[in-house]
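Engineer: What follows is the residue order along each chain.
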Amino acid sequence: MTAALVQATYLTRRALDRAIRQPGHIFFALVFPMVFLFVVSGGLDRAAHLPGFPADSFLAFALAIPFVHGGLFVAINAAVELGRDIETGFLNRLALTPARSVPLVLGHLLAAAALGVGQALVYLGVGTLAGVRLESGLLGVPVILALAALASLAFGSLGTAIALRTGNSESVQGLFPVFFVALFLSSMVMPRHLIEADWFRAIATLNPVSYLIEGLRSLVIAGWDGQALALAFGCGTALVAAALAASAAAFGERMTRT
Amino acid sequence: MSGAGVVSVARGVAWRGIHNAFTNPALLVPALMFPMIFFVGFAGGVARIRQVPGFDYPPGYEAFQFAFVLLQSAAMGGVFTGFGIARDFEHGFARRLMLAAPRRSGIVLGYAAATMVRWLFVISVVFVVGLVLGMQVFGGPVDLLGLLVLALFVNFAGALWATGVAMRVRSTQAGPFMQLPIFLLLFLAPVFVPFQLLEGWLRSVATLNPFTPLLEAARSLLAGAPTGVGVAFLAVAGLVVALSLWALTGLRSAERAG
Amino acid sequence: MARDNSIHAEGLVREFKKGPRAVDGIDLHVSPGEIYGFLGPNGAGKSTTVHMLTTLLPPTAGTARVGGYDVVREGPKVRSVIGAALQEAALDPFLTARDHLRLQGALHGLPRAERKRRGQELLERVGLTLAADRKVKGYSGGMKRRLDLALALVHRPSILFLDEPTTGLDPQSRSALWGEVGRLAKSDGVTVFLTTQYLEEADILADRVGIIASGRLVAEGTPAELKAEIGSPSVEAIPTEAGDRPALAQTLERFGGSVEGPRGGVAVRLDHGHDLADVVRALDAEGLQVDNLHLHAPTLDDVFLAKTGHRLEGAAEEPEAVAS
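These protein sequences, in sequence, are chains A, B and C. Numbered by our numbering, the letters in the first sequence go through residues 1 to 258 in order. Numbered by our numbering, the letters in the second sequence go through residues 259 to 516 in order. Numbered by our numbering, the letters in the third sequence go through residues 517 to 840 in order.
Just so you know, not all the hints are guaranteed correct.
[Unchecked claim] Below 25 Å or equal to it, Euclidean Cα-Cα: the simulated SDA-like pairs (lysine to any residue) are: (1) K651/C / T683/C; (2) K632/C / N168/A; (3) K653/C / N168/A; (4) K593/C / A8/A; (5) K632/C / S169/A; (6) K632/C / D17/A; (7) K653/C / L5/A; (8) K534/C / R254/A; (9) K632/C / Q173/A; (10) K533/C / A95/A; (11) K702/C / K533/C; (12) K651/C / G174/A; (13) K653/C / A95/A; (14) K593/C / A95/A; (15) K653/C / T430/B; (16) K651/C / A305/B; (17) K632/C / G252/A; (18) K593/C / N168/A; (19) K702/C / D723/C; (20) K702/C / G772/C; (21) K653/C / F435/B; (22) K651/C / P23/A; (23) K593/C / I20/A; (24) K593/C / R581/C; (25) K653/C / G252/A; (26) K593/C / G252/A; (27) K651/C / A114/A; (28) K533/C / S171/A; (29) K651/C / L355/B; (30) K533/C / F251/A; (31) K651/C / R21/A; (32) K651/C / A95/A; (33) K593/C / Q173/A; (34) K651/C / R461/B; (35) K651/C / W199/A; (36) K533/C / A8/A; (37) K653/C / Q431/B; (38) K743/C / A8/A; (39) K632/C / R254/A.
None of these hints come from the bench; they were simulated from the model.
Using the sequences and the hints, build the whole thing.
Structural biologist: Take a look at the structure:
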């Protein structure tokens, strides 16, 4: 157990080193979601005047978006790196060491979660500077960070499953539009009860990303909403569990070491 | 001889770009998916915003968003070309093109031509989807032709921008530098509501944004009530001239680098 | 108890899914401390064999024991006694050499102090001290291969697998790598299993050579033994006057049987007991003048030709994809 922890630590550290040494990726994953937040909030500011809108400012309503949006970016990057490790034979190099299977897979994933948390701190800071108040107070911060990490893990484990199944980074990059769709076909920019198109509202209701966003949002605009938080953690955990199971199966086929 | 040289080079490069785009789902699918995601996500998810007092656009919110998606996909289609050029440099293929082509400005034209063909396919699909979703188009054939030409200019401008960046950086690390300025131009504009309903900092920025008159003109053409179209064409023509210089000086920079 | 650092394989087979056998029944034995050269063209099955012996790929049939451990049933134990530098350099371009060595050491369970010390020792040994803190993406091919070798040695393995370690390297880098491999075997007693498509590499470096073609071992022995199987050297000569060719042929055929020679020239394989001096004396006696006179000793390529009907050099078909 101790050996596995040490291995996981070093493999996560390697993944983090690698991510940090590609500042273009870090910059994009950090900045783009914030730019998106501000332009969308600026453009949809009037929506806060709609009857039944749950927040006084659209910015407060939308602050949940970058935690998931940013988590998506770091997760895709992590899975792409795993794909590259397979393509270049680096995974084989690691497989020739005593490293256990679980740390081999989790290195990039845990790095993505760590980066997701780091980004979340930045988004919180920026949101606070822009005048958003957390209704859940300071105690809400660790919960927000936990949900941000969960979002990174959820997308990341799906990407990991694809990387292990296909063995190449391009297939993982092809996932990005799919995740983007999941983000958009959710309650990302409008509360579900205010979505006009029935078909869109139905999709958003079935979409687990909606619940991740709504859980995060509840901590910002509502305070402590047990149901929203339970759904957020439940959906996120279920996604991670399912994707990790798929990853384990794919890993078993990919890693043929005896 | 020199004219024929440019055309034949452009034709060759364009053929390759078109061939690769249509035989490689990994290249075509993202170009198709992103406009679709924005269109469906915004038209479907945000439509309630049209209930805000002062929102007056007779064709409806689907057409309102289609105008944005038309120009957004045109501009970003150009950026995708820049990704392709950067990849070509990384893999050494760009050097092969530069060695083989007697008139290298034809290379730039060829990439841009391939971009336009790909975009025409993409926007046709998005248009059909819009009609299926109930989009109403009030503009006549002349209006729609004007809209198409305007968008083609935007596509060309996007391709020239991204080409200039790609030729200077010659690496896929240039991706964020290509995308972010275009993204900002696109979204710091009246994306979700008409210009007169924008408030605060976004209104100030949108006033200065050259994309705003393009977007407003596009919407007016779709509504069959062309307004500010001349200004829009002047603006985009100016962009094309300036960005042509940007792209060609980028080409010279790539030549000097060898 | 002394460590067993031998390699033993019996009937090793690896099949492609719905395809030909990449490895088709290989038997081999590598003695402790030996450098064994596994020679063959691209696509012959070299890398697939290495992947099986290093536990990365289970054999479809047959058995193998590496370091005394069964490659299928005792994979982790095999990995604890082997080091491998595979065909791809498999390095992370964003890490430095020192980062790589630290990671490798940590994964092998070396304590922190030992990791640092061992890393520094290996950097000095492979000549990467000055570049140790630069990212690998700026390294030349030779530097990457040296780092690859260093990483394979972090945990002091008793058996080393090198899969085409000098492909793409310049002569100087190749020579330096050979020197290091030779030293590992002779001074440290490491058993080295080396795959190569370069005749010279096998000839100079290996104690014994196994020649593989189409997944089968077609010849095995020391380079000298293999070449001696083919026979004695041949002599080639091109006459100064083209009209002298028949007379030249008659003279040379006194010393051995005729073989395919250069265009416009004559070649014979020398019979036992004759040498080049005999040929020169005979040519002088006959007053025959020649422009070129070569003594051509058999090479491993000649061995390959004799065993397979093809030359090894230029026999490359497709790049070897490791069967999975």
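Engineer: Of the numbered hints stated previously, which ones are contradicted by the structure, given in increasing order?
Structural biologist: Checked against the structure, the hints that fail are numbers 2, 5, 7, 9, 11, 12, 16, 17, 18, 20, 23, 25, 29, 33, 34, 35, 36, 38, 39, while the rest are satisfied.
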